[in-house]
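Student: For reference, the chains in residue letters:
Protein chains: 2
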Amino acid sequence: MSTRNYLADLSFVGTAYHGSQIQKNAVTVQGLFQNALEAVLGKLPDIKCCSRTDTGVHARHFYISFTSDVACDCVKMTAALNAHLPFDIRVLSVKEVSDEFHARYSAKGKRYEYLVWNGAVMDPFLTDRALHFGYPLDEKMLDETAKVFLGTHDFSSFCSSKSSVEDKVRTVFESGVTREGDLVRFGFAADGFLYNMVRIMTGALLQVSRGKLDKNDILLYLNGKKRDNLLITVPACGLYLTEVMY
Amino acid sequence: MSTRNYLADLSFVGTAYHGSQIQKNAVTVQGLFQNALEAVLGKLPDIKCCSRTDTGVHARHFYISFTSDVACDCVKMTAALNAHLPFDIRVLSVKEVSDEFHARYSAKGKRYEYLVWNGAVMDPFLTDRALHFGYPLDEKMLDETAKVFLGTHDFSSFCSSKSSVEDKVRTVFESGVTREGDLVRFGFAADGFLYNMVRIMTGALLQVSRGKLDKNDILLYLNGKKRDNLLITVPACGLYLTEVMY
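The listed protein sequences derive, respectively, from chains S and Z. Just so it is clear: in the first sequence, position 137 is 139 by our numbering, and no numbers are missing. Just so it is clear: in the second sequence, position 95 is 97 by our numbering, and no numbers are missing.
Please keep in mind that the hints were generated in silico from the structure rather than gathered at the bench. Careful, some of the hints might be misleading.
Any copy will do: because identical chains look the same in the list, a pair fits if it lies in one copy or spans two.
[As the list claims (entries may be wrong)] Here are the simulated lysine to any residue pairs, SDA-like style, with alpha carbons at most 25 angstroms apart: (1) Lys50 <-> Asn7; (2) Lys78 <-> Ala122; (3) Lys214 <-> Ala109; (4) Lys170 <-> Asp90; (5) Lys78 <-> Phe127; (6) Lys112 <-> Leu128; (7) Lys50 <-> Gly226; (8) Lys97 <-> Asp125; (9) Lys50 <-> Ala38; (10) Lys78 <-> Leu43; (11) Lys78 <-> Leu224.
Using the sequences and the accompanying hints, generate a full structural model.
Tutor: The structure is reproduced here in structure tokens:
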């Protein structure tokens with residue numbers, strides 16, 4: 003009996019969850035997905051997640067691979083899993099992948115978006131889904147500033163002190179800021195991201211917007227490995243994992 | 003002491019509320035707004051709402067006028083009201099209006115939007131904020147069909163039987179369907195709308211999409227004053243009041 007390897011593409015509103023990774027005594031996306039998978043397959047197979055997201059962080063795409071001893075009809079599997087999941091977590095699709103595929107290690111890169119509402123009054127439809135930032139924000143200037151992150155750098159300063167990863171060098175290949183009315187999008191793509199990296203990079207750009215940092219300060223933080231209290235970590239609610247590149 | 007007249011522009015996510023109009027033993031947008039206004043002004047003035055919306059219906063703009071014996075700083079008033087309101091109801095602005103202004107009777111027209119998610123799997127970010135419709139939907143054909151609503155008609159067939167309004171003639175000046183990816187927008191503007199009118203017009207178009215009605219059937223319903231079970235009222239969750247024209 004050969005084991006098959008499947009990849010589920012999920013989307014979830016992170017507000018109600020203690021992040022993606024399974025934990026005891028906390029409701030997580032992985033925990034609920036495992037329960038759904040166990041209900042559908044009759045037993046719990048080996049599963050791998052593409053990454054760990056924090057409490058309140060959202061995902062447009064989040065990938066979980068799992069093995070099955072029996073061949074699955076991917077369309078029926080998608081519907082069956084959704085029937086066992088709450089409405090704020092949806093399996094968008096399931097597909098068969100090669101045996102060697104690993105949801106985390108096979109990823110060549112990831113894309114994240116951080117949403118900022120730049121109106122005087124918060125949009126009620128974006129509560130818990132964007133950061134409200136009421137100060138003036140020049141997106142063209144910030145878009146130009148954001149280009150300093152491009153390339154290969156040591157992102158030690160743009161990483162939570164809780165991170166246990168040794169190698170903090172990452173290559174960023176997209177970094178930009180765009181506006182649509184009062185909604186401002188901070189977009190980043192890289193071969194990998196450190197813990198809180200997008201939230202600290204976005205925080206740095208918002209500090210530039212407020213005149214508390216400039217482009218040269220960011221250049222000093224990049225590679226300089228120094229970290230002071232001028233770098234802030236913006237709240238989780240505005241962060242979206244939008245793509246994993248395989 | 004002269005009384006001044008003010009107009010508040012609100013936006014709300016309707017999911018948690020039993021509609022806009024105040025009711026005993028139910029949480030409503032008007033009820034919460036009145037509580038906030040009473041807290042800010044120290045007493046409850048006379049207030050008028052632009053319309054009544056059903057349980058679960060949303061508003062990008064919803065207007066409430068109120069009187070005050072004292073002159074208000076509109077920016078401070080906006081912030082003070084928001085401080086007394088939950089995050090899913092926001093006052094976008096407050097402005098002074100003429101004594102004769104009435105939030106409901108001064109309206110020259112209204113615009114509504116009905117959102118349909120036309121993907122195989124529902125977008126979790128649109129739970130309670132759009133209708134999930136998984137059947138094929140040709141938005142160009144429906145946009146053309148939607149034009150039958152344009153002009154002045156007797157909309158008796160496109161109105162809840164609970165409606166107590168006598169004159170059911172309305173003039174529709176915008177009626178169309180557009181798509182952005184899997185999100186399909188049904189947009190209507192008219193000098194006024196009957197109870198459930200947008201939900202029944204959208205339902206009729208979705209029935210056309212499924213081949214259960216055609217353009218001629220809608221023409222028969224319009225002005226024909228007949229109503230049979232082929233007209234459906236789509237759920238409240240996809241409906242947005244998007245503009246009131248004064």
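Student: In ascending order, which of the hints set out earlier in this document are inconsistent with the structure?
Tutor: As far as the earlier hints go, 3, 4, 7 and 11 are violated by this structure, in ascending order.
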